[in-house]
Amino acid sequence: MKRTAKVISMALAATMVFSTSAMAAETFIIGGIGPTTGAAASYGTSVKQGAEIAIAEINGAGGVTVGDTTYELALEWADDEASEDKAPQAYNTVMDAGANAIMGCVTSGACIAITSQTYQDGILQITPSGSAEGCIENDNAFRICFSDPEQGVAMADYMVETMGISKIAVIYNVADEYSSGIQEAFEAEVAAKGGEIVASEAFQTNDVDFNAQLTSIKNTDAEAIYVPAYYQDATYITKQAGELGMSLPFYGSDGWDGVLGTVTDASTVEGVIFTSPFCASVEDEKVVAFVSAYEEAYGATPDQFAADAYDCVYTFKAAMEQAGSIESEDMIAAMPEISVSGQTGDPITFDAAGAAVKDVKFVTIKDGAYTFVE
Amino acid sequence: MKKYGKQILYMVIAVGAYAAVMLLVNMGLLSRQMTSLIIPVCMNIILAVSLCLVVGFLGELSLGHAAFMSIGAYSGALVLKSGLPVVVSLPLAVLVGGCCAAVLGFVVGIPVLRLKGDYLAIVTLAFGEIIKSVFNAATPITGGAGGMKKIPAVTTYKNFTFVYILMLLVILLVSYLVNSRHGRAICAIRDNYIAAETIGIKVSRFKTMAFVISAFMAGMGGVIYAGNIGILKPVNFDYNTSIEILVMVVLGGMGNITGSIIAALLLTVLPEMLRGLSNYRMLVYAVVLIAMMLFNNSPMKRILVEKKNMRQAAKIQ
Amino acid sequence: MALITSILEQLLNGLRIGSVYALIALGYTMVYGIAKMINFAHGDIIMVGAYALYVYVSLLKLPPVLAVILTIITCSVIGITIEKVAYKPLRKAQPLAVLITAIGVSYLLQNLSLLIFKATPIPFGSIIKVPSVKLAGLNISGLTIVTLVVTVAVMVGLTLFINRTRMGHAMLAVSEDKGAAELMGINVNRTISVTFAIGSALAAVAGILYISQYETLLPTLGALPGIKAFVAAVLGGIGSIPGAMFGGIILGIIESMSKAYISTQLSDAIVFSVLVVVLLVKPSGILGKLKAEKV
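Protein chains in written order, with our numbering: chain A, 6 to 379; chain B, 394 to 710; chain C, 1326 to 1620.
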């Protein structure tokens, strides 16, 4: 038991070091939580980097002025490995470091695992990318990205009504809440609009071989395939569909953003259409500035996770300014009144439930580049 | 007197640890990060000690411990969600979780325990994966991939006393068991099952018994997990989780309950302490793992142990 | 007719994934058969092989053939190093200690590559370009044929190596009884090192074919095929070379068929159930030899 005492005293010492350094300047600490190790590390890394760009931008422009005080923003990041087990500890770690608000978690499950604690602590929590319903059920929690059903419904309407497709096949990740959440809403909406789901094929996280599912779809009379999943899955699926000689058009969810970075041959994803709030190749002043800053800093093109995180930081800024305070209680009260001009929506506002209100946009890949669908 | 000396010492440690944690928490001396680790530490001790019974004493490698934990967690969570007052629902959940896991342990154990060694390990791993898939598919009951949500957070550090008592009971049960007649029979099976059989020990009965008791305790650990995290997802009970528990048992020196407890404590706290190293954390964890295994089996350790034995021998003389 | 075509197509899918499992399982079985240890890090050597190929081809711009040879050498060297540093000191320890160390090595390799290459998946186009073949209305991808050919060649080569060469006989002797082999003048340590070198070289080949098939580099890419191949090796009878081949193909076909006709959700459960049933009926695997118990 000596060890426990030692460990505890070490922890105490560590926290003291942290808290004193946080007190020194007028700093507003954003506690970021997301995976930077493990299988989902790329999402967390994108969020972290997107937020860092926004913070550097804001601090470079003189910080955030609240009343008479000017605050510099700082990011205190804790890795949760996208795991429900690790998220509470990660949350408490950033709280020990003096976080004033929480940006996270990046993944839905981890996010839900900390909502009851953040609610008890009454701290402002904005998840950049936790799309499940449960992430924002408490009053202190808000979301930047689309909710799962929102996207599924939007795409169902688009495919059935705008594109006039009636027979649709779906491939979704049954072990992933994001994917199965969209799939459920999508299938219900397609049925409601008079379309037909001719095949609903499931796969599991980390699957790389989709030939069995694709072969099953090939033997139906589907006119299009909807794949609500992440870009990595999409890469495997489109490539293997091509190898099987299938030429059905693909539709996807916002997880597809980034797919051009993972395919070896851009022609496999030519013409796909997916819902996305963000498109890195748009000729928009704000987008160009963000993309070039990001590319310069990290040597990679920002994806929607990075863009959501960027907007998340600006939402904190707007909430601080609107509330005229950095107390979570005031900022939470100010959230419904703010309007953020961000990367993923302009303007972004927040409804009573805490979800961001922004248009669902459709992105397509044309000549190997993302563009918005006209 | 000598016989009771050790027991008194253990009792003092148990009460002292409890008092220390309560004191630190109530005086607010513990950082939030450490506070949030209290229950995971207790839970991991329960899991490690229960697995220690199968791996350390029975000598069979089980790679499916997380499966027992998961069935306990899910069934216990259903009880927790029933809306009964916590005083009733928590002990009931722990009991139900434990029993469900024990039943599964029995059902799995009968075929599995016919096998030995590596094969037994593979089949337990396979059962773990099967149960995970079933939980994933049984969406109406388990919530499927999205997980079972809104489980009342009843086993947070505020209910430390209950969890701590449960943990002590588990430790007591296992240490009592291994020092009893049954325990000696179990160890005899580990050391040489053919010899054990020839002297009339009913090998399969004792094997099943150890397996079922271990599963029961793992199920209780699962309930603690459910009440602490509030969301249950099948992916969190994959073979990696089983391996993490196994690592605790092995690092603790197989068949050493105290060792398992210390290893569970360290392996829960260590990754959190190494958080500052961020990306290097898992790497350090891997290196520590390899280094400790090598050290445990190195000539250096043997020399140290011999020296210690010599000193003790000198004292007795 | 449509149903028959669809069943044939699904069989082909099974063959495609199964041949990769078989190749990996050969490495598992080889190491287990001789060193009597489950090398959990085997799947991660595949990952190392895939990344090594990427470094040689895309970063150093070496010609593919040279890159493949260098990849195989790299993996063999890493395999021998791991064996010398992590496994050799544990030769007399309990099997469980070795297993845990292997898990540690697996964590280590994954996290090293995570640090070096970052978590973002790296696309890496196939270096093997073989046109697909049309046979009776079925489209067989060129890579599937290449993988199958390589796997069969490796299987035959390994069998010949073990039965016809001095080193192979030494391996058989070490696998039977280390102590007796040593008394007969066999250098046990060297034999086990060679085993690991060959096992890792096989992993490198598997890595090359795997990455050519799926074209995406991830630090965790070896974990899942590693586990599946491990199951395949046990299914076929671990330690048996034709068993590994057979187990891999069977596993691939079961997986494919259950995904297509039963349930994608339960396909893993079905795969593992088959393993459980096989082991209960024939504990040493389908083609494994049962050893008599000694007191």
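Simulated from the structure, these hints should not be mistaken for lab results. Watch out, some of these pointers could steer you wrong.
[What the hints assert, rightly or not] Restricting the straight-line Cα-Cα distance to at most 20 Å, the calculated cross-link-like pairs of lysine-lysine (PhoX-like) are:
1. B/474 / B/399
2. C/1361 / C/1503
3. B/694 / C/1413
4. C/1454 / C/1386
5. C/1454 / C/1361
6. B/399 / B/694
7. A/223 / C/1386
8. A/223 / A/172
9. B/509 / B/399
10. A/198 / A/223
11. C/1443 / C/1361
12. B/694 / C/1417
13. C/1454 / B/509
14. C/1607 / B/509
15. B/399 / B/595
Bear in mind the structure is a predicted one, so any value in this text is a computation, not a measurement.
Has the given pair, residue 399 of chain B with residue 595 of chain B, been kept, meaning a C-alpha gap of at most 20 Å?
-> Distance of about 32 Å is beyond 20 Å: violated.
Pair hint outcome, residue 223 of chain A versus residue 1386 of chain C [Cα-Cα no greater than 20 Å] = violated, 38 Å
Given the hinted pair residue 1443 of chain C and residue 1361 of chain C, is their alpha-carbon gap at most 20 Å?
-> The hint is violated at about 34 Å.
Given the hint that residue 1361 of chain C pairs with residue 1503 of chain C, test it: the Cα-Cα distance must not exceed 20 Å.
-> OK: residue 1361 of chain C and residue 1503 of chain C at ~10 Å, within 20 Å.
Regarding the pair residue 1454 of chain C and residue 509 of chain B, is the alpha-carbon distance no greater than 20 Å?
-> violated, 46 Å
Is the Cα-Cα distance between residue 1454 of chain C and residue 1361 of chain C 20 Å or less?
-> Between residue 1454 of chain C and residue 1361 of chain C the Cα gap is close to 38 Å, so the pair fails against 20 Å, i.e. violated.
Quickly compare the C-alpha distance for residue 474 of chain B and residue 399 of chain B to 20 Å and report which way the hint goes.
-> violated, 42 Å
Pairwise hint evaluation, residue 223 of chain A against residue 198 of chain A, where the allowed Cα distance is 20 Å at most = violated, 24 Å
Does the structure keep residue 1607 of chain C and residue 509 of chain B at a Cα separation of 20 Å or less?
-> holds, 13 Å
Going straight from one Cα to the other, do residue 694 of chain B and residue 1413 of chain C come out at no more than 20 Å?
-> holds, 16 Å
Straight-line Cα separation of residue 223 of chain A and residue 172 of chain A no greater than 20 Å?
-> Holds - the C-alpha atoms of residue 172 of chain A and residue 223 of chain A are around 13 Å apart, at most 20 Å.
Is residue 399 of chain B close enough to residue 694 of chain B, meaning Cα to Cα at most 20 Å?
-> Cα-Cα ~25 Å, so violated.
Hints 1, 5, 6, 7, 9, 10, 11, 13 and 15, counting from the list given before, are not met by this structure.
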